[in-house]
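Colleague: Sequential numbering of the sequence shown, starting at 168, is according to the numbering used here.
Calculated from the structure, these hints are not laboratory results. Where hints are given, some of them may not hold.
Claimed, not checked - Derived lysine-lysine pairs resembling DSS-like cross-links, with alpha carbons at most 27 Å apart:
#1 LYS386 with LYS347
#2 LYS289 with LYS254
#3 LYS289 with LYS277
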Amino acid sequence: MLKGLIFDLDGVLTNSAVYHLTAWNNLAKELGINLTDDQLDSLRGISRMDSLNLILKYGDQEDKYSEAEKEKFAAEKNTKFVEQVEKMTPADILPGIPELLSDAKKQNLKMVIASASKNAPKILTKLGIMDEFDGIVDPATLHHGKPDPEIYEKAQELAGLNADEVISFEDAQAGVQSIKSAGQFAVGIGDKEVLKEADYIVPTTKELKLSEIESVFNKK
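Make the full structure from the sequences, and use the hints.
Modeller: This is the structure we're talking about:
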């Protein structure tokens with residue numbers, strides 16, 4: 168029986184993912200690394216330092232910088248990202264999400280955020296939906312990034328629920344893999360080939376209908 172929903176943030180509740188990717192792309196260029204679209208897309212859903220290390224790997228610069236220098240690069244990227252976040256308003260909530268959250272509230276479902284972003288509380292506050300959620304996984308408590316299941320397992324624990332009682336939402340391949348490794352029902356938002364491991368897939372958030380997702384969930 169469905170008792171809770173777990174959400175990634177960037178690219179699921181709002182379009183802040185584009186701010187992340189732009190900030191990473193600009194940093195990569197400063198380091199003399201030109202990322203392909205696929206390489207840039209692979210940064211979706213993974214932590215700050217994992218993203219930076221991946222960029223350095225793409226540019227064959229893995230051993231070029233010290234940990235202190237890497238921390239400085241990540242901080243610079245985050246500063247640029249936060250500048251964009253400060254401009255966010257409730258108008259930046261993606262289509263279909265307000266209705267989904269409203270339907271979930273009517274069913275008294277628990278709702279938790281499972282995002283690798285340390286800026287999740289700030290973003291949710293800017294969007295005006297912070298109070299809709301029962302908890303937010305603190306990325307600082309995690310030992311492994313997506314696709315490891317840890318973040319979704321922690322989100323499930325925060326909700327006080329079992330794996331078969333939740334539906335989790337993701338827009339990134341690593342995120343869907345994380346959900347499935349946690350034994351949960353995965354809703355993928357985006358390209359059906361990229362997110363083919365998900366149990367239910369829609370091209371955009373506009374097509375998210377809780378009753379339809381629940382119908383598929385109940386048949387699993």
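Colleague: For this structure, which hints from the list above don't hold up?
Modeller: none
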